[in-house]
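**Student:** Whenever a hint applies, use it, and build me the whole structure from the sequences.
Note that the numbering used here has the sequence shown beginning at 1, numbered continuously upward.
Accuracy of the hints is not assured; some may be wrong.
What follows is a set of in silico ranges between Cβ atoms, one per label pair, in the way DEER data are often shown [as the list claims (entries may be wrong)]:
hint	residue 1	residue 2	range
1	THR34	LEU5	15 to 23 Å
2	THR34	ASP7	18 to 26 Å
3	LYS109	LYS56	51 to 59 Å
4	ASP66	ASP7	52 to 60 Å
5	LYS80	LEU17	47 to 55 Å
6	LYS109	ARG79	23 to 31 Å
7	ASP123	ALA12	53 to 61 Å
8	ARG79	LYS47	33 to 41 Å
9	ASP74	PRO20	45 to 53 Å
Hints are computed from structural coordinates only; laboratory data are not their basis.
Ideal placement from N, C-alpha and C gives every residue a C-beta, glycine not left out.
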Amino acid sequence: MAFTLTDVQQAALLEALGLPADTTDPELVVDTVTDLVAQAEALDPAKPSTVAAAAKKAGMELLDKDAANALRRDAAEGRKMAAAAAQERIAASVDDAIRKGKITPGRRKHWVNLISADPEMADVLAKVPDETAAPMSETGHSMNPEPGSDLAEPGEWFY
Numbered sequence: 001m002a003f004t005l006t007d008v009q010q011a012a013l014l015e016a017l018g019l020p021a022d023t024t025d026p027e028l029v030v031d032t033v034t035d036l037v038a039q040a041e042a043l044d045p046a047k048p049s050t051v052a053a054a055a056k057k058a059g060m061e062l063l064d065k066d067a068a069n070a071l072r073r074d075a076a077e078g079r080k081m082a083a084a085a086a087q088e089r090i091a092a093s094v095d096d097a098i099r100k101g102k103i104t105p106g107r108r109k110h111w112v113n114l115i116s117a118d119p120e121m122a123d124v125l126a127k128v129p130d131e132t133a134a135p136m137s138e139t140g141h142s143m144n145p146e147p148g149s150d151l152a153e154p155g156e157w158f159y
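**Tutor:** Here it is in structure tokens:
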């Protein structure tokens, strides 16, 4: 019985075997198939080297259990640190607004919760004019002129 392939089938077979497209030697094709079958039979899917090779071929990397647990632990710690840093930034922006009189100290917790829920509110708080809620500048006689600046002779302050 003669076994014939179309040109498309022949090209697909040669490509699957890793042979050049212009290969015409049938013995080379048979030998290549025989070698591949022998290699496949020698592969034990339960062997770690087989699993590692398959993972590497798929673009993956294997980790042992301890390394994976260490990575998970470090990632969780990193998330906690990032959350703490974000809370610190929020608290600092709210405290700065209190120092500038934009909001009263009694509204601190409200603004911290508000910015934690919606980070865009930090921009709103930053745009509030200074001294909106509480005046921080001295009112009345806030200027202290140079004593005796308009006197012909400086006055004696000490005896």
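**Student:** All the hints need checking, so say for each whether the structure fits it.
**Tutor:** Going down the list of hints, with the structure as the test:
A C-beta distance of roughly 18 Å is found between THR34 and LEU5, which places it inside the suggested range of 15 to 23 Å. The hint said 18 to 26 Å for the Cβ distance between THR34 and ASP7, and at roughly 24 Å that hint holds. For the hinted restraint 51 to 59 Å between LYS109 and LYS56, the CB-CB distance of approximately 53 Å keeps it satisfied. At roughly 54 Å, the beta-carbon separation of ASP66 and ASP7 lies within the given 52 to 60 Å, and the hint holds.
A C-beta distance of roughly 53 Å is found between LYS80 and LEU17, which places it inside the suggested range of 47 to 55 Å. Between LYS109 and ARG79 the CB atoms are about 24 Å apart, so this pair conforms to the stated range of 23 to 31 Å. Taken as a hint, the range 53 to 61 Å holds for the pair ASP123 and ALA12, whose Cβ atoms sit roughly 60 Å apart. Checked against the given bound of 33 to 41 Å, the beta carbons of ARG79 and LYS47, roughly 37 Å apart, stay inside it.
Taking the beta carbon of each, ASP74 and PRO20 are about 48 Å apart, inside 45 to 53 Å as hinted.
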